[in-house]
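Q: Sequence:
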Amino acid sequence: MTGYEPLNTLKPVADDIWIIDAPAIRFFGLPFPTRATVVRLENGDLWVHSPTKLTPELTVELRALGPVRHLVAPNWIHYAFVTEWQKVFGATTWAAPGVAQRAESRGHALHIDHLLDPLRAEAPWAGQIDQLIVMGSDVHREAVFFHRASRTLILTDLIENFEPQLQPWYMRPFLRLAGILAPHGGMPRDMRATFRGHHDSLRAAVEQMIGWAPERLILAHGRWFETGAVDELRRAFAFLFC
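The letter at position 175 of the sequence shown is residue 175 when you use our numbering, and the numbering goes up by one with no holes.
Careful, some of the hints might be misleading.
List time: in silico BS3-like cross-link candidates among lysine-lysine, alpha-carbon distance up to 30 Å [stated by the list, open to error]:
{"id": "1", "residue 1": "K87", "residue 2": "K53"}
{"id": "2", "residue 1": "K87", "residue 2": "K11"}
{"id": "3", "residue 1": "K11", "residue 2": "K53"}
I should point out that these hints are in silico values taken from the structure, not numbers from a laboratory.
Make a model of the complete structure from these sequences and hints.
A: Next up, the structure:
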């Protein structure tokens, strides 16, 4: 149970975009609710960001929407279920810098077809989904996406927003110290530390996200923001603009 039931099923966000709330996974021994995002491209193909656990029922739902063609591993942590989806759908896999190295270091056989590149004009979703790679940190490099038609910004771990009432009591002090407790979630403090000395590049990335003028902000962990995305970006990254 995560508080975001029903799990492992498509939930509409706007036209041609859905989320999938999944069971919590254990990370450093703590339960983390997870979320995937699905976009149907203009040609009917499905683009899946941060694939979560695949079930037979979810597979049927996805096939009813269209062919799953693109799987996105947006950072060095969010790739665990990609192989499972590859076997079922035979989709092309796109990964952020660092994903292949992380998988190899963990002994995971992960096939990656393409490295995500914000300058790759021939990407199949060009003109529909904008993208950038947040590269300031040598540790955390994350691909960020903006679905133009629905004005939805899709992040993974750059902002986390855990609701206290949905977390075990022993996890709440950790979330508060980490700066990721809802309703004012933000960049985890340990991640912020890896960007020391790289605030200029992180600030430029945040300014680009704000410049896209998103309405919604989907996160992989915790409550996502259905409205007010620009204000939430300014609040969460206020430390960059002091």
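Q: Each hint: holds or not?
A: Quick rundown of the hints versus the structure:
1. K87 to K53: holds, 13 Å
2. K87 to K11: holds, 24 Å
3. K11 to K53: At roughly 15 Å apart (the allowed maximum being 30 Å), K53 and K11 satisfy the hint.
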